[in-house]
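> Those protein sequences? They're chains A and B, same order as listed.
Sequential numbering of the first sequence, starting at 1, is according to my numbering.
Sequential numbering of the second sequence, starting at 1, is according to my numbering.
Keep in mind that the hints were calculated from the coordinates and are not lab data.
Treat the hints with care, as some may be off.
Claimed, not checked - DSBU-like mimics (lysine-lysine), calculated; alpha carbons at most 30 Å apart, straight line:
#1 K24(B) - K84(B)
#2 K84(A) - K166(A)
#3 K24(B) - K24(A)
#4 K166(B) - K24(B)
#5 K84(B) - K166(A)
#6 K84(B) - K84(A)
#7 K24(A) - K166(A)
Owing to the predicted nature of the structure, the values given are computational and were not obtained by experimental measurement.
Number of protein chains: 2
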Amino acid sequence: MEFQLEEAIEILGRTPETLRVLLKDLPEAWVTADEGGDSWSPYDVVGHLIHGEETDWVPRARIILEHGEARAFTPFDRFAQFEKSRGRPIAELLDEFAARRRESLAALAELSLRPEQMSLRGTHPELGSVTLGELLATWVAHDLSHVAQVLRVMCRQYGEAVGPWKQYLPLVNGDRG
Amino acid sequence: MEFQLEEAIEILGRTPETLRVLLKDLPEAWVTADEGGDSWSPYDVVGHLIHGEETDWVPRARIILEHGEARAFTPFDRFAQFEKSRGRPIAELLDEFAARRRESLAALAELSLRPEQMSLRGTHPELGSVTLGELLATWVAHDLSHVAQVLRVMCRQYGEAVGPWKQYLPLVNGDRG
Chain A
1 MEFQLEEAIE ILGRTPETLR VLLKDLPEAW VTADEGGDSW SPYDVVGHLI
51 HGEETDWVPR ARIILEHGEA RAFTPFDRFA QFEKSRGRPI AELLDEFAAR
101 RRESLAALAE LSLRPEQMSL RGTHPELGSV TLGELLATWV AHDLSHVAQV
151 LRVMCRQYGE AVGPWKQYLP LVNGDRG
Chain B
1 MEFQLEEAIE ILGRTPETLR VLLKDLPEAW VTADEGGDSW SPYDVVGHLI
51 HGEETDWVPR ARIILEHGEA RAFTPFDRFA QFEKSRGRPI AELLDEFAAR
101 RRESLAALAE LSLRPEQMSL RGTHPELGSV TLGELLATWV AHDLSHVAQV
151 LRVMCRQYGE AVGPWKQYLP LVNGDRG
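Chain A with its partners taken away, still in its complex shape (with noise of 0.2 Å):
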């Protein structure tokens, strides 16, 4: 499918609303529960989202809008969620990323983009040349990709409540999805 600047923002609007339907006022055991070692709670999400907000999506637009491909994004720190969310309960991380993905869209509202400025280019740091339609994509494409692993992880702590219908369920069986 092509991408479509109204179409995505279509999308983007859900995801606070998604993820508070998911989260909010869950026991507490299904919110931080994660995949094992490394791996992120549906609590990690929701920050990584909030900080994605704050330092990736717009940011990076407005430096293509700015800078074309002279100047490179800052790189994302994909973790920096684990220092600022510490010790704030879930209800308010929801708020917050609620606010946030609103402020966002309000600015990127602001941009006025026009199709023809979807294949304007900037530098990703790690990719190389990027376009801004490549970019606003990748927000739709990110949102959709967490909001499927906090079903993911939640779905995996009945991996072994489901007994042997563990074989007809690919998400619990192991795949990363």
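Once you have looked at the hints, place chain B on chain A.
Same frame as chain A, now just chain B:
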């Protein structure tokens, strides 16, 4: 994590609203897009979940309570939704799923299940002996898996649009999740 009925009910009760937030009034192309071949669209998944409410979870719990292992469950038709939902708008399916789920949870509450009943046994037509607790845990994991599937199918629609970011997005990148 051990199965707990109250937690299961808490999660099961949220699924209709999660799907409504994700899919209601979304552009049609996103609701009906699939992963190619015989794969399912978000629309198909909602139809499948409705069918499960009608024939799978609570009906099977009743079979365990009434017949124990003596009577095997009726096999579940994983493709029934293609006939039953044909041509109906997604908003109608989302409402129907919400109504069916409310009925299922009301029926479950009426059974007044006690923790010790979770080890009661029934017979699955393919898996053999299973417990009531495993059936109910599978109901939860099945919900979470299929919502994750909806997100994966949507995410994949931007498989090309994300350009070089594809390598950072396992869901876009061919992982069946």
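> Mind listing which of the numbered hints don't hold for this structure, in increasing order?
Structure breaks hints 2 and 6.
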